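S.K.: Each chain is listed here by its residues.
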Amino acid sequence: MKTILIVDDQPEVRDLVEVTLRSDDYRILTEASGEAAVRTALAERPDVIIMDVMMPGAIDGFQATERIRADPGMARCPIIMLTARGQQADRERGLKAGATDYLTKPFSPLELMTKIEQILDG
Amino acid sequence: MEGARLVGAVRSRTFRMAAAGGAALWFVAGAWAAHALATGPWAMLGVLLAGAAPLGLGIWLALGRPAVGRSDAADSRLAASERRFRDFLAFMPEIVFELDGAGVVRLINRAAEAATGYGEGELVGARLVDRLIVPEQREAAQRRIARVLGGAALGPQEYTVRRKDGSTYPVLAEYAPILDDGRVAGAWGVIQDVRALKGALLREREAEARLGEIRAVADSIADGIVVADENGTIEAFNPAASRMFGLPEDAAMGRKLGDLLDGSGGGILPGEREAIGRRADGGTFPVELVVSQAVLSGRPVFIAAVRDVTARKEAERRILELNQQLTARMAEVEAIGNRLAAIVESVAEGLIVTDIAQNVVLVNGAAETLLGVQRMDVAGKPAARAIRDRPLREAIMDALARDAPHDAFDVSLVDGAEGAVRTIHADVSRVQGGDRRRLGHVTVLRDVTREREVDRMKTEFLSTAAHELRTPLTSIRGFSEILLARENLSDAERRKFLGYINKQSALLSSFINDLLDVSRIEAGKGFDLRREQVDLVALIQEQASLFSAYSDKHRVVAEAAQGSAPVVVDRGKMGQALGNLIGNAIKYSPQGGEVALACRQAEDGWEVTVSDQGIGMSPDQVARVFDKFFRVDGSNTAIEGTGLGMTIVRHIVEAHGGRIWIESEPQVGTTVHFTVPSAA
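Chains as they are written, first to last, in the working numbering: chain A, 1 to 122; chain B, 1001 to 1680.
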């Protein structure tokens, strides 16, 4: 069973991603801040992380991604950024921080599902 | 005869005299002078000569008769007659004599002795010429006497007489033959001392020459010279006056001087003045007039010197005209200069004009303020010294060195006094003269701090707006897609997802309304208020209860109602304003607390307050809170907002005729006050 970590400060978005990926094959974890995401990621070592960028608290999604990537065991973990920040500069910054992919809101749940399945099956 | 001609001339003419200094002086030779000259020695001589022949004849007849037929009685009568004749001759001032056929003196009067020193005895019996005429003239004089003795009638002749003492004097001698029965028996003669005569003649000749000169001077003078008697009647008129007045001298004589001049006191008021000359043909011309009084031959006259000043007047008029034109042009140029200077000075942008050597030519007031310099301190100095701020100086000097037609850049300028960083936009343009010669540069400095800030805020707004749009759209798109794709959803889930979609749609439409409001405000259109009778107290309670369910951490309290506050407002807009203020109060007090609303009677209506216990604002933030897109903490993504709320609130309040102001203290809280005029 694969573990998926969903990080977003908005409950609605967490609900949306969770229902999108709801499956008997996946264990789904959710966090609402950057710090919590880093903590959970290092503790649970999920198979894939879906990360928001703008969140309240000390660190945002970019920084959380960098910190998770800093752990040798998490270097290869797929991290998909899912954010409302759609500018090219934001995308580049996300990829530089260590994101595997970058999706902008609003997104298609079906597309996200397909992407996750490809990552986990591949 | 010369003398007679001169006398004639003297009699017939009026003489004019002019002073050498240019002032004309005329005099009229009086009749007495003509008379004096006419009765002078020459005329007397003429009388004598005319009388000599008959006198001689009478003498001859008296003397010759005894030879023809004498008697004692006749002899005694003849002797008496001869005695009387001799006595008469003795009275004559001239030398009178009788010569025989050889030119020998037969008879001579007493005047001869007085004039020559020779006694009668020494002269009678001697040849006249030998005794009285200087040796060199003797022969010619004797020949002339011989011709007269031969019967010729000759005029007077000049000779020089030698006196007994050897001295000489000039004389005029004339002879007439004495006829005896048709034969020449001798000659009568007269010798006249011509010294007095000559002196008078010379003086006359000189006077005539002098008069001629004076006349020539008067004639050649360009000024018109007019002599008038005391009644203003013209007596003399020179050629220049004739030309000026178009009046021949003859025609001018006898006319009144006043007829020729307008406004000149009849032309006979002594003094200098300007007047108008009237030509014979009716034309007029400006003159300069000098009238003086003089006395000629004891008679007062007026002498007027008249100068035609048409050309001078025209030149003066032209000079005046040119001067006026020049003055007008100067004033124009000065006005243009002043206008340009005023324009340059009043331009809001700082202007620095530099020459080709990069020295400061001009700085305007705005540049002085911007650079913190005084123009008198920097004019003519190198630009590098006029600009103290190093980054700005380096940027401008680089641009001047590049010498491109145009250069534009932004530079940060640290304001020395407050340490605030301002953004200055510099435009450096090359200045070229009409001949494409490079004159230097003009640098325009503009404080774009605010514009750049607005630009930054706009960019931020776009990204914020995009985020604000993406967030509700994420839910709407995502949940609708799930609802469409998934069959295995519980009813509770379906309702929950539909609720999300509905809520986010409402947020989206409210956001779009905000945007539309702002764009309307931006376009200066303001609000289209739909006023109605509203109880402000009830409206506040309504909004408070709406938000009381919004947050668990906050208590939204409307102070106990003081009856009602009737106003005429747009219910929707006023509700929107209250909602924005309550929303802000909740948003900016993340630790929770009380949000208190109150409505009090104010001077001209009602005053509403919305207070929170939130993070508050610094004075600087308060000052900018109504700026569009301004957000107190733009970096705090947790506090959502477009930065449009307060802008909209302010415009709603002002559209209703109210005022809005804010009291705030960081970490203590914020109170927003606004007024609503009571229903009129």
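None of these hints come from the bench; they were simulated from the model. Given the structure is predicted, the values throughout are model-derived calculations rather than measurements. Don't take every hint at face value.
Said to hold, decoys possible - Example chain B residues on the side facing chain A (calculated, C-beta under 8 Å, incomplete):
#	residue
1	Phe-1088
2	Tyr-1169
3	Thr-1310
4	Lys-1313
5	Arg-1437
6	Leu-1439
7	Ala-1466
8	Gly-1478
9	Ala-1485
10	Asn-1502
11	Ser-1505
12	Asp-1517
Said to hold, decoys possible - Pulled a few chain A residues facing chain B out of the computed Cβ check, cut under 10 Å:
#	residue
13	Pro-56
14	Ile-80
15	Leu-82
16	Pro-106
17	Leu-112
18	Lys-115
19	Gln-118
Backbone N, C-alpha and C define an ideal beta-carbon position, used for all residues, glycine too.
S.K.: Against each hint, give a clear statement of whether it holds in the structure.
M.R.: Outcome of the hint check:
1. Phe-1088: violated (159 Å)
2. Tyr-1169: violated (143 Å)
3. Thr-1310: Cβ of B/Thr-1310 sits 90 Å from chain A, so the hint is violated.
4. Lys-1313: This interface hint is violated because 87 Å lies over the 8 Å limit.
5. Arg-1437: violated (48 Å)
6. Leu-1439: Violated. Min distance 45 Å.
7. Ala-1466: holds (7 Å)
8. Gly-1478: holds (4 Å)
9. Ala-1485: It holds, given that the least Cβ distance between B/Ala-1485 and chain A is near 6 Å, below 8 Å.
10. Asn-1502: Nearest chain A Cβ about 12 Å off; hint violated.
11. Ser-1505: violated (13 Å)
12. Asp-1517: violated (23 Å)
13. Pro-56: holds (3 Å)
14. Ile-80: violated (15 Å)
15. Leu-82: A/Leu-82 check passes; min Cβ-Cβ to chain B is 9 Å, inside 10 Å.
16. Pro-106: holds (4 Å)
17. Leu-112: For A/Leu-112, the interface hint holds, since the closest Cβ of chain B sits about 9 Å away, which is under 10 Å.
18. Lys-115: Result: violated, 14 Å to nearest chain B Cβ.
19. Gln-118: violated (18 Å)
In this structure, the hints that do not hold are numbers 1, 2, 3, 4, 5, 6, 10, 11, 12, 14, 18 and 19, in rising order.
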